[in-house]
Amino acid sequence: MMDPRAWRRFRKNKGALVGGILVVFVTLTAVFGPLLAPHDPNEQLRDVLLQDDGAPVGIGQVEGHPLGADSTGRDELSRLLYGGGVSMMVAYLATALAIFIGTLAGVTAGYFGGWIDFGWMRLVDLMLSLPFLLIAITIRRVIEEPQLWTLILLLSVLSWTTLGRVTRSKVMQIRELEYIQAARALDMGHLRILLRHVLPNALGPIIVLGTTLVARMIIFESALSFLGLGVEPPDATWGSMLNEGRQQMMSFPRLMLFPSMLIVMTVFGFNLLGEGLRDAFDPKD
Amino acid sequence: MLAFIVRRVLGAITIVFLVVLLVFTLVHAIGDPAAATLGPNAGPEQLADFQRKYGLDRPLGQQLLGYLGVGGCVRGRRPAIVEDDLSAQLERAGLDVARPHRTSEESALPSSHGEITAELTKAGEAWELALVATDAGGAAQTFRASGNVDDLASEVAEPVAAHLGGGAVVVRRFDRGDRCGLLQGDLGESFGHNEPVADVIGHRLPRTLLLGAIALLFELLFGLSVGILAAVRRNTWVDTGLMSSAYLGISLPTFVTGPLFLFAFAFLYGWFPLGGYGVGFWDHVYHALLPAFTLAIIGAATYARIMRSELVDTLRSDFVRTAAAKGLPRHRVVGHAVRNALLPIVTMLGLSMTLLVAGAIITETIFGWPGMGALAIRAIVNLDAPTVMGVVVVFAVTVQTGNLLADIAVAALDPRVRLEKSG
Amino acid sequence: MTTPDPLKARRRADAIGCLVPLALAGAVVALLAATWPSPPEGPRWRGAGDAEPRSGGTFVFHHEENVRTLDPHIAYDELSGMAVRLMFDGLLDYDMESNLVPSLAEAMPEVSDGGKRFRFRLRRGVQFHPMPGHPEGRELTADDVRWSMERLLSNEVGSPGYPFYSAIEGAGEYHEGAADHVAGIRVIDRYTIEFQLTEADQTFLNAMAMTFAYPVPRENYAHWGEEVKFHPVGTGPFVFESWERDVELRFRRHTRYWDPQPNPDEMVFQENLNRELAALLFRNGDLDAIHRQSPSDYRFFRDAEQWADYRDEFPRVSTFGIGLNCEMEPFDDVHVRRAIAFAIDREGWNRARAGRLLPAGQILPPAIPGHDPDLPEAHRLDLDVAREEMRLAGHPDGLPEPITVWITGQDDTARTYGELLQHDLAQIGIEVRLRFVSFAVYLTESGKPNTAPAFFTGWNMDFPDPSNFLDILFHSRSIHPENSENRAFYRNDELDGILDQARSETDRERRLGLYRQANAIISRDAPWAFTYNPLSMELWQPYVKGYEPHPVWFEDYRNVWLDLPRERLTRRLTGRGASAPAVLFPAMGAL
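Chains A, B and C, in that order, are what the protein sequence lines are.
For what it's worth, our numbering labels the leading residue of the first sequence as 1, then goes sequentially.
For what it's worth, our numbering labels the leading residue of the second sequence as 1, then goes sequentially.
For what it's worth, our numbering labels the leading residue of the third sequence as 1, then goes sequentially.
Don't read these hints as lab results, they were simulated from the structure.
Because the structure is a prediction, the values reported are computed rather than measured.
Any given hint could turn out to be false.
Derived coverage of chain A by chain B (criterion: at least 3 residues anywhere in the stretch with Cβ under 8 Å from a Cβ of chain B; other residues may be distant) [said to hold, decoys possible]:
{"#": "1", "region": "79-87"}
{"#": "2", "region": "114-126"}
{"#": "3", "region": "129-142"}
Note that CB positions come from ideal geometry on N, CA and C, so glycine has one too.
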């Protein structure tokens, strides 16, 4: 139920266009990266890609390894491509899950009100009163052998709250609309009203927040990697590569700069896109 | 208004309680802290001792009650030692001692028995023991002892045994009588630091608050001025330029900017100290500048966006247009509008403070700032449950207080909010 | 005047505006590039060239973790040890060749009763630091030594050092509370004390040189009670001054030290300072010595000519490896263990770690007597042997299930080691899953039977004797239901016998022969797959004199003196970063 005017407004927004291009580009690379990667990202070619004093080969020094190697002799380009795939997959899945929880919370709380509303909002309060990183670290300690899905679950469970709150207030506005009141008076089923009338109208803020949430997920995942709590080795994400590169910052700044730039670029893209969508759905100027 | 505040306060207390419940369960699921604290050479009996001293041998539910300070509170090593000493001496005197509050084995108690309840308080350097012994016939007598904690048990053991006269005795309670447990504002004793958690946190919290305050100052300073400038010159290249810069700003995570700033501005240019905390207040401030700036980038960009959009709305509203039409000078028109646009900023402040405290973990790590972040991480790593709990409780209370104050401020300024909240 | 088309203007604004952040970023980068200062290559300050040792100045050093306690009876981690060594002395100490030498004792003890009785005579005039009740300090006596030992052995203190002294007669009874004193510790007169052991123990004197046995004054403990860890009093060259938690500890020179020597007036021990920051501070001249570097910093200092005279690279007396729990599948099969031991590419690891690892194939490091450079059983990379062992184990194509290996720490160093192992064992068909645990969890859990199947592990010597490695790590006596030190749960009666015999053997050559035998057995049975002995590099500023890395103690700075250049004398010590804020805020300097 997208307003055609919204689409027109969106197209005219240059920032959103740039953001959209960045997002599409990164997403495509993430999907097709593994196909493009010239090498196995986890294979350590210690004899080929490490010099005698242990220094990894640099950009363009060895044929077939255009971006050189990391400190254990793995092809940097392949790791960036694969790592981007994992990063984006984690971000997208976690966002999808967070949107699901947040929408469920927001829609039921806003529509039904009363105890359901009270319960959800106290849960939101509770989540906001927990120090996010601290809880994430604690949970990662409790789980004995963390796998990718636990990371996704963790990220989404800890970040659906804003979306839930915004959706709720939007739904509360929608609920008061005349035709919804009419539908309720006609005894239409709640589920039908929600799916047919309420949800489509609340979609705007959900899409906008969802887009910026992807950006936040990428940052969160990298932050967890920064604290050594990201994906399991030997797999890479940009966050874990950044963290590994940090200790080589002085000698081989590229090991840190490549993933940093990719992270910043992607996050920037999603933020711009989100803002473009916000303008499109909710024009002010 | 009063009803609103009362309701909000009750809500806040419930939330803090739930946080305690959740995190307590989580933290205790990580592992057993005994060997972690005592080191590789500790023997089995030392481990058992440690667990007994800190009440870790009791079921989780009872430990939680103890942490809260409801019935059977164990704090630090002292009460448990005195209790153990006393039990041992009474048993040597021929009594049969049962301690259901430690083991929860109520069913195994004999039908006829005496009872003991005791309280241990610390008055300055000395410890005081107040013990009530009730014999099987129901005659109660109070025994007191004070002085060195190691001698308390032996001082009262003989008279107590004499009063009870043999048979079975049940120790009902053996508690710290002074401030004890979370409900009385006591955070327990850290395993790793061997001092009260309140002291451990007391050393670090001001540092984190200082960093947060300076960062918040930067956020408001940069954020509001950029936002105002963009709104006043809206739809010009200044506006779009500032706003897209703000987007770049929120896309710069601290773990990217922090190491770069540190290397460039502290090491190469030497404008700032290379991490650390310094000595003396102004030196602390000086050391906090760079990490605070790192921390403030994202927040400043967020404030700039909010300020701009609010101000643009206000500038377009009727009363501002009227004022402008009446010929009020432009800077005064903007001044009025800014004051009006500040309301949502106030609501943001509460949230902002929490983000600064929580988000500081990474920045503190990068810049070696000795605050709560480093403390919390170390506490988790060392399985120092009381310290982790303390940090979380302090955090939750801060968040709730911040939200509460913001809510009250907004409600006071804007009566509609009160109605909505109560609806 | 025509009004501009608003839409067009808006579009132009958009177009320009989008470029602003780019332009901004470009401008910043350009500005930085134009003014980019080159980092200092060498030391910032040279020494004053004064050959005559003298006192004065402030010496600043660091550690990346936190000091846990200043009570020598409790301190067992290396950095608490660093602080303890500044403030306390032992009866015995080690010289630079790892030989035991008298310190607070006048001479080495008289040994009698077949190596079971040790009589120490204390040096006279040794002064404790000032303490409550003794503002000028007071003399150390034999009673202090006895009281300190008894405190160490008591159950209440929970000293991790207790097991090292359990051979003293009556120590067990006293520990359990069945005796008021330790029968085997006897004060003969004010300056003479005697220790009686239940059986001859060749490591007793080593134990007496450990920091646990450093004497402390009773009054200080009586006065401070549990708070004593913040008010340490010893006989050492430095007096404790202050401790800003998580930031730094300060010590000042002990003017009545029994062995007068030139020393800095003040020592500042900065804790909780990570190694990357420390390296920058050191290059900036704000730290006087560093140890441990990130690979990147290591490479810089190793290659920097200007630092060549102010660094020392030496092997640490420790051995690292992969512990394999001999009670758990599949490591209960010696062939699987040996396959792993022969599949690790130690040279490759060394290369990935910038050349800081000495490949190791046996438990005893080169500096410990009993080490055999030509040990035939030593572990090495040989994939043919490894595959043959896998065949013998009945898994010619590798293990059907992945193995879980515990690894301590969450930082990228741990991650890198984990990935190196994953890669190597994949060559013989073993898939490795890593479980990251904190050191605390590792200590607790791997000491329980049937818990940690395989784990990265290592051992730092407590004292330079083979028994400190062999007995503690592989004797079946070190297996307990909880907190086992024999984390591989390796049991071998033959080995136990040899070790027991060696422990009481008084003939040095025969004793070493037994240990060599034990060393070979352990490599053969591979309860650990040995990986490396780490190389360590320490650096100090040119004006730091009298420092040489000690073979036994970590970063032992008690003998340094400062040959301070003029600029350094006026250094304003504001914690980290001597660059004064006054540079930036002139007004603030006046406040």
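Assertion that chain B covers the region 114-126 of chain A - criterion: three or more residues, beta-carbon distance below 8 Å: holds (count 3)
8 Å C-beta test of the region 79-87 of chain A against chain B, three or more residues: Per the Cβ count (0), the hint is violated.
Assertion that chain B covers the region 129-142 of chain A - criterion: three or more residues, beta-carbon distance below 8 Å: With 12 residues close enough to chain B, the hint holds.
Hint violations for this structure: number 1 only, all remaining hints satisfied.
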